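Chains as they are written, first to last, in our numbering: chain A, 160 to 331; chain B, 2 to 178.
In short, the hints are calculated from the structure, not lab data.
Keep in mind that this is a model prediction, so the values were computed, not measured.
There may be inaccurate statements among the hints.
One side only, chain A facing chain B, incomplete, derived with CB under 10 Å [said to hold, decoys possible]: (1) F198; (2) W215; (3) A226; (4) W228; (5) E230; (6) C232; (7) G292; (8) L295; (9) V296; (10) P299; (11) F300; (12) R324.
Glycine included, C-beta positions come from ideal geometry on N, C-alpha and C.
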Amino acid sequence: MRRRVRNALLLGGVGALALAAGLWFAAPDRGELSSDRLFALELPDTAGVKQPLKQWRGKILVVNFWATWCEPCREEMPEFARAQSELGPRGVQFVGIAVDQADKVGRFAKEINLNYPALVGGYEAMELSRSVGNELVALPFTIVIDRNGRIADTHLGPMKPQQLRSILDKML
Amino acid sequence: MDRLPTSTGLLPKRQPRDGRALPALAAALLLVALSAFSQGNPLPAEKAFRFSARLLDAHTVEARFFIAEGYYLYRDRVHFAVEPAGAGLSVPPLPGGQVKEDQFFGRVETYRGDVVVKLTLNDAKPGQQVVIEAQSQGCADIGLCYPPTVQRVTLALPEASVVPQTSGDGGKKPWLN
Chain A
160 MRRRVRNALL LGGVGALALA AGLWFAAPDR GELSSDRLFA LELPDTAGVK
210 QPLKQWRGKI LVVNFWATWC EPCREEMPEF ARAQSELGPR GVQFVGIAVD
260 QADKVGRFAK EINLNYPALV GGYEAMELSR SVGNELVALP FTIVIDRNGR
310 IADTHLGPMK PQQLRSILDK ML
Chain B
2 MDRLPTSTGL LPKRQPRDGR ALPALAAALL LVALSAFSQG NPLPAEKAFR
52 FSARLLDAHT VEARFFIAEG YYLYRDRVHF AVEPAGAGLS VPPLPGGQVK
102 EDQFFGRVET YRGDVVVKLT LNDAKPGQQV VIEAQSQGCA DIGLCYPPTV
152 QRVTLALPEA SVVPQTSGDG GKKPWLN
C-alpha cells in the first residue's frame, strides 16, 4: 500500500477511536432515568417548611445537589442565581438540595442572596441522586428536567456557565 | 531554499518526512483518547482516600490514609472509632495539614498523599478482634466533593504469649453503598 494512503487510514482510524472515546464519556445513557422519584420528594427549606418538588412540574427545572462543605458547589451558585434572574421569567426554576445542616445552608443562602429555593436533604437525597446517575454520590450534581418532566441532562461536577446556558437555551 | 522568519533569525525550511510524522501523530491521538478514559472518570471515595490499619504491637495501631494524586482530605473531618468501644481507643492530635483559606469556613487544613496516625488501644484484650473505623471527607481537585465516608479494618490482637503479627486490610464497608 502506498505510504500516504496507509498513513491517512491510520490517522483516520485513530481519530475515529479518539472521537468515540470522547463521546462515550461525554454522553451518559439517560434513556431509562426517570424523574418520578425526584418529583415525589418533599424536603424542608431553611425555614423548616416542607416543599414538595412536584410544585415545579412544568418548569424547566434545574435541580442542583450541593453542600456548604463542598467548595466547588458554593463557587458555582452565584452563576445559577444569575441564570435564575434572567431566565426565571421564561420558565426556568433552579432548586438547590443541600446535603447539609439547615443552619449552615440558611447562612450561606443569605450571604449570597440566593434567589431560588434551598432545600435541606440528607442521606435519602444523596441516594436519590445516585438513582439518577450519580454513581460516585459526589457533589455538585445537577439535573435538568424539561417542561414535560423528562430528565434532559445530568452533570457531575461544576457546570461552566456556557455549558448550562446552552442546555437551557435549547429548551426555552 | 525557502526561509521562514523566526525570532533568532532565519531558518532553512525543511522538507516534511511522511514516514515519521503521521504515525507519531496517530500515536499521540491514541494517547489522548486513552487518557480521556482514565482522567474522565473520578475515583470512588474508598479508592481516592483508601484507609488501611495494622498492629504495631498489642496496644498500638498504625492507621494510614493513602490519598490519590489530585485528591485531598479535610483534617478536621478525620475521625476514628473502635468496636467494641471498650477497647479504649485514644487518638493523638492529628498531624498538621496544608493551610487553606476557605471563604465560608475560614482557615482549614487539608491532607494530600499519605497520612499516618498512631492510635492506642488502652484496654484491648489479648486475642480480641477489634474493628478500627475511620471517617473522612474530602474532595477532588477537578471540582468534586464526597460526603463523609466510613471505612473499616478488622484487626486480630495477638494472644498473650505470641509475638504480635501485622495484619492486612480487613473488610471495607463504605458509608454509602
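Problem set entry | Given hint V296 (chain A) near chain B, where the shortest CB pair must fall under 10 Å | holds, 5 Å
Exercise. Is the interface hint for A226 (chain A) satisfied, with its Cβ closer than 10 Å to some Cβ of chain B?
Worked result: holds, 7 Å
For this session: Go through the hint on P299 (chain A) and say holds or violated, using the shortest Cβ distance to chain B against 10 Å.
Result: Holds. Min distance 8 Å.
Exercise. Does R324 (chain A) pass the interface check with chain B, least Cβ-Cβ distance below 10 Å?
Worked result: It is violated, given that the least Cβ distance between R324 (chain A) and chain B is near 18 Å, above 10 Å.
Exercise. How about G292 (chain A): closest beta carbon in chain B under 10 Å, or not?
Worked result: violated, 13 Å
Problem set entry | Cut-off 10 Å, beta-carbon criterion: hint that F198 (chain A) touches chain B | violated, 23 Å
Problem set entry | Hinted contact W228 (chain A) with chain B - closest CB pair below 10 Å | holds, 7 Å
Exercise. Was the hint right that W215 (chain A) lines chain B, CB cutoff 10 Å?
Worked result: violated, 25 Å
Problem set entry | Agreement of hint F300 (chain A) with chain B interface, Cβ distance less than 10 Å | holds, 9 Å
Problem set entry | Interface restraint verdict for C232 (chain A) against chain B (beta-carbon cut-off 10 Å) | Hint on C232 (chain A): holds, closest Cβ of chain B at ~7 Å, below 10 Å.
For this session: Let me know if the C-beta of L295 (chain A) comes in closer than 10 Å to any C-beta of chain B, holds or violated.
Result: Result: holds, 6 Å to nearest chain B Cβ.
Exercise. Taking the least C-beta to C-beta distance, is E230 (chain A) closer than 10 Å to chain B?
Worked result: holds, 6 Å
This entry does not satisfy hints 1, 2, 7 and 12, going by the numbered hints stated previously.
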